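Note that the protein sequences, when read in sequence, are chains A and B. Under the working numbering, the first residue of the first sequence is numbered 1, with each subsequent residue one higher. Under the working numbering, the first residue of the second sequence is numbered 1, with each subsequent residue one higher.
It is worth saying that the hints were derived from the structure and are not from the lab. Bear in mind the structure is a predicted one, so any value in this text is a computation, not a measurement. Don't be surprised by glycine CBs; every beta carbon is placed ideally from N, CA and C. Treat each hint with caution, since some may be false.
[As the list claims (entries may be wrong)] Straight-line Cα separation of at most 20 Å, EDC-like style, residue types lysine to aspartate or glutamate; simulated pairs:
#, chain 1, residue 1, chain 2, residue 2
1, A, K80, A, D60
2, A, K270, B, E152
3, B, K272, A, E235
4, A, K98, A, D135
5, B, K108, B, D135
6, B, K192, A, E121
7, B, K272, A, D252
8, B, K196, A, E235
9, B, K192, A, D236
10, A, K272, B, E235
11, B, K196, A, E147
12, B, K20, B, E152
13, A, K192, A, E204
14, A, K272, A, D262
15, A, K196, B, D236
16, A, K270, B, E235
17, B, K196, A, D60
18, A, K192, B, E121
19, B, K270, A, E147
20, A, K196, B, E121
21, A, K211, A, E147
22, B, K76, B, D60
23, B, K270, A, E152
24, A, K192, B, E152
25, A, K192, B, E147
26, A, K211, A, E235
27, A, K196, B, E147
28, B, K211, B, D188
29, A, K83, A, E122
30, A, K272, B, E233
31, B, K192, A, E147
32, A, K272, B, D236
33, B, K196, A, E138
34, B, K270, A, E204
35, A, K196, B, E235
36, A, K270, B, D236
37, B, K272, A, E233
[Unchecked claim] What follows is a set of in silico ranges between Cβ atoms, one per label pair, in the way DEER data are often shown:
#, chain 1, residue 1, chain 2, residue 2, range
38, B, M257, A, R269, 27 to 35 Å
39, A, E235, B, E122, 36 to 44 Å
40, A, P125, B, M257, 34 to 42 Å
Protein chains: 2
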Amino acid sequence: MKIGFIGFGEVASTLARSLKSEGAEVYTCLAGRSLKTVELAQSSDVNICPSFHKLADISDIILAAVVPAQAVNAAKIIGKHIKGLYVDLNNVSPSTVKEVLRQISNGKTVDAAIMGSVTREENVPIIASGKYARDFAELNNFGMKIEVVGQEIGQASAVKMLRSAYTKGVSALLFESLYAAYQMNIDDLVLKYLAKTEGPNFTEIATSRIKNSIIHGERRTQEVGEVLNFLSEYEDPIMTQATFDVFRLMVDQVSSMEKKPDDYRELFRKIK
Amino acid sequence: MKIGFIGFGEVASTLARSLKSEGAEVYTCLAGRSLKTVELAQSSDVNICPSFHKLADISDIILAAVVPAQAVNAAKIIGKHIKGLYVDLNNVSPSTVKEVLRQISNGKTVDAAIMGSVTREENVPIIASGKYARDFAELNNFGMKIEVVGQEIGQASAVKMLRSAYTKGVSALLFESLYAAYQMNIDDLVLKYLAKTEGPNFTEIATSRIKNSIIHGERRTQEVGEVLNFLSEYEDPIMTQATFDVFRLMVDQVSSMEKKPDDYRELFRKIK
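Same shape as in the complex, but just chain A (with noise of 0.2 Å):
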């Protein structure tokens, strides 16, 4: 089995070792790319092609990972000249999906999302959906965990948009309730209580997504504005208005700081 990578960052090079070490061959293409890619690929040791043509028309599947804003650009490029499966990897927007896999003359595309975190777990789970995504499940014969979650391109990056637009919700909730909390100085009692109906280890999960907030904020509020865009085709997101509008607070705030804070007391002791 032939893998071919689009892009070769942290996802990439995370799945590509694990592909290889269960006796996938694994390629990619470094035209162009930066030299930060350059050495992740040359260190993971994985085959080098001189063009993208030539990783189309050797690999039986090419998996997309690159920066959302390049998703349609690397599909563009190599569009016309796969042979076997093109499955988009990137963390874009069905619709955004739907242009990039529009690119793939043959047609043999997947719609996927990682469900996790490349570098925090082993084995991240990732959603696949399309026609073609049993094909795509194939690779689960070398190590990987991905489940076929329906037929069409779109619904795979739906229900990752749709599980952040709850989870980042979540984060911009419980800055609010803690900053009004805070300035009562009840926030360990807030945190207490709500730990007694939303489970045992809720103060431990509340202040990691407060302070994942705070690290990966601009970042998060992009996510968040994409999002946005999505559910406007749906309904009325009065949610995840206001969770951007929280994160984009936020993240005004902490710019301002000389450093980023620690934790969600140091934010909120420090907010003007």
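Following the hints, put chain B in place on chain A, whose structure we already have.
This is chain B only, laid out in the frame that chain A set:
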């Protein structure tokens, strides 16, 4: 120990039964009360005082559990005659609690909040704050489950309000993300993948949250309105405003239906 109840609805009758079984003497006054309250007091076999003044005179501890709109008036009627402790168990905001307790001339007052359902939980947890909260907690010797959370009036009800801001916000988030998911026919999948990060019984909790929001929509919307007023003293309550708007939308939809829908799918199917 003589316990006097002002108001004798579900909360009072449930607590009275338990206090009596532990050996407390329980009193109430039925002057001007509804037929339903009279029946509930009689079936609970509590002692009836001919007037609120008499009730105030003989009670070691007065527990006030009336509907929110009557909280201040009930305290005004009895405030000058209280000999013992006056405990506000009403479901009102910290500023209303303070107004209620200002009516009690002897100043022996407690802010208390019921953190659960008296009907569903054998021994519902109650939190209490104020200088006299410890005296109220003596009722733990009579089977109650009171935790003192602070020295200031307003803290106990603030904890309850902030918990409410969070949990009702979560219900609104579920409503919004599942409504979009339902339209795409992926609501089961979204619930399933949320359960992987949010806990194994997430789907059950989530569907019961939406169901309860449908059944008790109007009361919940009013409660969110209270939380909104309260939070506005501390911040711009962006998420809670959105929660309020979503609840209002949901109540509008449900009120135009012939019968209340049984679950979220039935609700979504009928949304105009």
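Quick rundown of the hints versus the structure:
1. K80/A to D60/A: Judged against 20 Å, a Cα distance of about 15 Å means the pair holds.
2. K270/A to E152/B: violated, 25 Å
3. K272/B to E235/A: holds, 11 Å
4. K98/A to D135/A: Within the cut-off at roughly 19 Å; holds.
5. K108/B to D135/B: Since the Cα atoms of K108/B and D135/B sit roughly 10 Å apart, the hinted pair holds (cutoff 20 Å).
6. K192/B to E121/A: holds, 19 Å
7. K272/B to D252/A: violated, 38 Å
8. K196/B to E235/A: Violated: K196/B and E235/A sit about 26 Å apart, past 20 Å.
9. K192/B to D236/A: violated, 24 Å
10. K272/A to E235/B: holds, 11 Å
11. K196/B to E147/A: holds, 14 Å
12. K20/B to E152/B: This hinted pair is violated, its Cα atoms lying about 30 Å apart.
13. K192/A to E204/A: holds, 11 Å
14. K272/A to D262/A: holds, 17 Å
15. K196/A to D236/B: violated, 27 Å
16. K270/A to E235/B: Since the Cα atoms of K270/A and E235/B sit roughly 15 Å apart, the hinted pair holds (cutoff 20 Å).
17. K196/B to D60/A: violated, 31 Å
18. K192/A to E121/B: holds, 19 Å
19. K270/B to E147/A: violated, 32 Å
20. K196/A to E121/B: Cα-Cα ~13 Å, so holds.
21. K211/A to E147/A: violated, 30 Å
22. K76/B to D60/B: Holds, at about 19 Å.
23. K270/B to E152/A: This hinted pair is violated, its Cα atoms lying about 25 Å apart.
24. K192/A to E152/B: Answer holds: K192/A to E152/B is near 18 Å, not above 20 Å.
25. K192/A to E147/B: Holds - the C-alpha atoms of E147/B and K192/A are around 12 Å apart, at most 20 Å.
26. K211/A to E235/A: Violated. K211/A to E235/A sits at ~30 Å, over the 20 Å cutoff.
27. K196/A to E147/B: holds, 14 Å
28. K211/B to D188/B: holds, 16 Å
29. K83/A to E122/A: Cα-Cα ~30 Å, so violated.
30. K272/A to E233/B: holds, 16 Å
31. K192/B to E147/A: Measuring from Cα to Cα gives roughly 12 Å; hence the hint holds.
32. K272/A to D236/B: Judged against 20 Å, a Cα distance of about 13 Å means the pair holds.
33. K196/B to E138/A: violated, 23 Å
34. K270/B to E204/A: violated, 39 Å
35. K196/A to E235/B: violated, 26 Å
36. K270/A to D236/B: holds, 17 Å
37. K272/B to E233/A: Holds: K272/B and E233/A sit about 16 Å apart, inside 20 Å.
38. M257/B to R269/A: 27 to 35 Å: Distance hint for M257/B, R269/A is violated at roughly 48 Å.
39. E235/A to E122/B: 36 to 44 Å: holds, 41 Å
40. P125/A to M257/B: 34 to 42 Å: holds, 38 Å
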